[in-house]
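Here the structure of chain E is known, so what remains is to put chain A in place on it, guided by the hints.
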Amino acid sequence: GAVVSQHPSWVICKSGTSVKIECRSLDFQATTMFWYRQFPKQSLMLMATSNEGSKATYEQGVEKDKFLINHASLTLSTLTVTSAHPEDSSFYICSARVNTGASRAEAFFGQGTRLTVV
Amino acid sequence: AQSVTQLGSHVSVSEGALVLLRCNYSSSVPPYLFWYVQYPNQGLQLLLKYTSAATLVKGINGFEAEFKKSETSFHLTKPSAHMSDAAEYFCAVTFTGGGNKLTFGTGTQLKVEL
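Here the protein sequences come in this chain order: E and A. Residue numbering for the first sequence follows this note's numbering, beginning at 56 and increasing consecutively. Residue numbering for the second sequence follows this note's numbering, beginning at 3 and increasing consecutively.
Simulated from the structure, these hints should not be mistaken for lab results. Please note that a few of the clues may not be correct.
Ranges of calculated distance between the beta carbons of each label pair, as one might list FRET restraints [stated by the list, open to error]:
hint, chain 1, residue 1, chain 2, residue 2, range
1, E, Ser-64, A, Leu-116, 27 to 33 Å
2, E, Thr-72, A, Glu-68, 17 to 23 Å
3, A, Ser-72, E, Asp-120, 30 to 36 Å
4, E, Thr-135, A, Ser-72, 31 to 37 Å
In silico DSS-like cross-links for lysine-lysine, where the CA-CA straight-line distance does not exceed 30 Å [what the hints assert, rightly or not]:
hint, chain 1, residue 1, chain 2, residue 2
5, E, Lys-121, A, Lys-103
6, A, Lys-70, E, Lys-110
7, A, Lys-103, E, Lys-96
Since the model is a prediction, treat every value here as computed from it, not as a measurement. Where is the CB? At the ideal position from N, CA and C, for every residue including glycine.
Here chain E stands alone, though its shape is the one from the complex (with noise of 0.2 Å):
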C-alpha cells in the first residue's frame, strides 16, 4: 500500500513556542491531505482538509490562525502548531488519499506526532 510518512514522531516544547509537523506522501501524490487530532483513548477528530496549491479547509471550531497548514506540494503537507499551550498536547496524525487506482477512496495514514507542551 502507499505509505505517509510523519514527522517528528513527537516532540516536547515550551509553551508560547511553535511547532511544525511533516506530512510526507513517499510513493505517490496526493492533492488532498487530512489533518486530526486525538485525545487519549478517543476517536480521531478531523482538524482541517489540506488542498494542494489553495487554503486548507478547517473545520468547526478550529482555530485557523493557531494551526496553521500548507500544502505546497503534491507530497507534503505540513501543521504548524502556532503559539502552543498545554491544551494543545495531543496526538496528530495526517492521512493521504490516493487519487487513482484500486486503492481510490482509501486514506492512508502517517504514524502520528505526539505533542507535549511543558
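Using the frame of chain E, we list chain A on its own:
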C-alpha cells in the same frame, strides 16, 4: 450526514476465541466503510474496506467484515484471537463525493487474555 456507532468501547476475549467488534453506520447515500487498527502511539493501519463490491470483505491478519445493508452494519470478525490483536479498532465511513472525509467511530479497545 453520515456517522458510525461502535457498540462496546472495550471488548475482552480469550486467546483463540472469536473476535466480534460491532459497527453500525448511518448514511443517506451508499457508503464506503473501513476498519482501522491502532497500536499505542502509532497511526492507523487499514484492516479492510468495503467499497460497493463484494459484501464479505477479507482483510489482513485474518480479519473479515460483512456489509449488511438491511442491518446497516459492518461488523469485524476474526475466528481465533491472537495476543498480537490487542489494540484499538476504529470503524469509519465515507461516501462517493464526500471528499473522502472519513467519519470515525469512537473506537473499541480489544483485550486478548490467555
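So which of those numbered hints doesn't the model satisfy? Hint check: 2, 3, 4 and 6 fail, others pass.
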